[in-house]
Amino acid sequence: MADFSDKQIQDVWNKGTTVENYDSVKYRKDVCGAWMQRDKYGKEETLGWEIDHVYPESKGGDETLINLRPMHWENNRSKADDFPSYTAVKTSNDTKNVDKEERKTVNDALLAELKKLYRLK
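Its first residue numbered 0, the sequence shown is counted upward by one per residue in numbering that gives the first Met the number 0.
Heads up, none of these hints are tricks.
Below, computed lysine-lysine pairings styled on DSS-like, alpha-carbon distance capped at 30 Å:
id, residue 1, residue 2
1, 95, 25
2, 6, 95
3, 14, 58
4, 6, 25
5, 103, 115
6, 99, 39
7, 58, 39
8, 25, 39
For each label pair, taking beta carbons as the anchor points, the in silico distance ranges come out as:
id, residue 1, residue 2, range
9, 95, 61, 27 to 37 Å
10, 120, 95, 38 to 48 Å
11, 16, 41, 15 to 25 Å
12, 58, 107, 13 to 23 Å
13, 20, 58, 35 to 45 Å
Hints in this document: simulated from the structure, not taken from any laboratory.
Every residue gets a Cβ at the ideal spot worked out from N, C-alpha and C, and that includes glycine.
Work out the full structure, taking the sequences as your base and the hints as a guide.
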């Protein structure tokens with residue numbers, strides 16, 4: 000795992016999806032719908048999460064905020080270095096995380112920004 004500053008971790012956490020009636024300081028969802036808990040950063044636990052490089056470092060991605068997002072640790076591991084489509088393995092059913100494998104693709108707006116930033120075709 001990369002060595003992120005406290006500010007970077009908080010900035011990335013703030014990009015998570017807020018859910019009505021839940022304290023967004025403590026709980027958010029990742030792009031796959033999995034619950035995350037703020038103080039579980041870097042932990043392989045039920046609500047643990049990591050910072051995902053949308054465009055992987057192995058392909059030339061960096062730590063520019065637009066390229067970073069909070070992701071449940073199991074989704075981040077299953078995504079690996081896949082881009083722009085990847086496999087997610089965790090989502091939620093109401094208030095609990097559940098196992099569900101499905102293909103996901105980076106949304107068009109973010110994909111366009113990343114293509115411009117990294118000069119991709």
